[in-house]
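J.: First to last, the sequence lines map onto chains A and B.
Here my numbering is used: the first residue of the first sequence is 1, the next is one more, and so on.
Here my numbering is used: the first residue of the second sequence is 1, the next is one more, and so on.
Please keep in mind that the hints were generated in silico from the structure rather than gathered at the bench.
Among the hints, erroneous ones may be present.
As the list claims (entries may be wrong) - So the derived list for chain A, only partly shown, Cβ under 8 Å to chain B, looks like this: (1) SER16; (2) LEU34; (3) ALA37; (4) GLY44; (5) GLY46; (6) THR71.
As the list claims (entries may be wrong) - Simulated coverage check for chain B against chain A, where a stretch passes if three residues somewhere in it have a Cβ under 8 Å from a Cβ of chain A: (7) 21-31; (8) 51-65; (9) 88-94.
C-beta: ideal position from N, C-alpha, C; glycine also.
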Amino acid sequence: MSSHLSHLLLFAYPPSWRRRYALELQALLETEPLTFAVVINLIGSGAGEWLRAGWRAPARPMNAKILFGLTLESAVFIWFSTMTSVSYERWLAFNAVFGLLLTGTAFVRAVAAGWLNGFLTASLAAWGFVVMLLSWIAAASDQMVQLPFDHFDVLSRGSVSGYLAGSGYREFAVASLLLAGAMTVVLALMAWAGAGVGRLANNLQEVSR
Amino acid sequence: MSKEKDELNDLGRFSEPALLIMISLADGPKHGYAMTEDIEQISGQRLGPGTLYGGITRLEARGWIEPLPSDDRRRPYKLTTSGHKVLKHRLAAMKSMAKIATTRLADA
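Let the sequences and hints guide you as you build the complete structure.
T.: Put into structure tokens, the structure is as follows:
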């Protein structure tokens, strides 16, 4: 097999694997005749290594920067939620940005644990984010969901401040706090678990040696 | 059944190629091409390059084989002490299984 073709076939493997084994596999491939079976064998094995790399990538432990970022995001969210001069549309937009920040944080965090963990965690985070956003939109239209507090009539009052000035202020504040806290905790836990899976796999590998 | 034997089974579809690689390395270090030739000679089957390196990757990750320094692109591998132990356990299990099967065949 030509060195050019064997070099191309090596792209079936993940970069981390290629860094370690590419030279010696290429040397072996140059001694092999090019057959359909060899090409299929390499592509199949390469796919297996991608999966393996996804599960077994080294994980980084939760660090202070991530915790600080999540706390800061939550604090800004709570502060924004209690502002009295913000229209409901702006507040929804802020929710979207906040959700994206949390989702992004979880995604970046989980990617460090391997692409497969990253994908699964980000999917869960995105799902959680959509549910959160939909719940507010649905609540605004007051049709689809029943939130755990009464008299959510923001639209009829025209603004969040109008609602906050009404009788449901306390319930609204508590619900906002609970939602922000729950989303932060859930996303942080998912990211941590994503990293934990990779770390656990590495630890088990070490123990088994 | 010992822990080492379980782990060899845990290699899934690579457990058989891994066993053949370990058997090939039992009499001394070899690089990829030499292993392929040796395995073909002892088992009658030629491992594809992807399968061979899939097995090598997993065996090295478990610390059962290790690479030796080389100036060439072809890197030789050797069995480690734990790899030697795993292979010994596996061969003993196979021997015991073969004995049972032979007895049953004779009784049938």
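J.: Compare the structure with each hint and give your call.
T.: Hint-by-hint comparison with the structure:
1. SER16: Nearest chain B Cβ about 11 Å off; hint violated.
2. LEU34: violated, 11 Å
3. ALA37: holds, 7 Å
4. GLY44: Constraint on GLY44/A satisfied, holds at 6 Å.
5. GLY46: This interface hint holds because 7 Å falls under the 8 Å limit.
6. THR71: violated, 38 Å
7. 21-31: Violated, because only 1 residues of the stretch 21-31 of chain B bring their Cβ atoms closer than 8 Å to Cβ atoms of chain A.
8. 51-65: holds (count 9)
9. 88-94: Violated - the stretch 88-94 of chain B has 0 residues with a Cβ nearer than 8 Å to chain A, which falls short of three.
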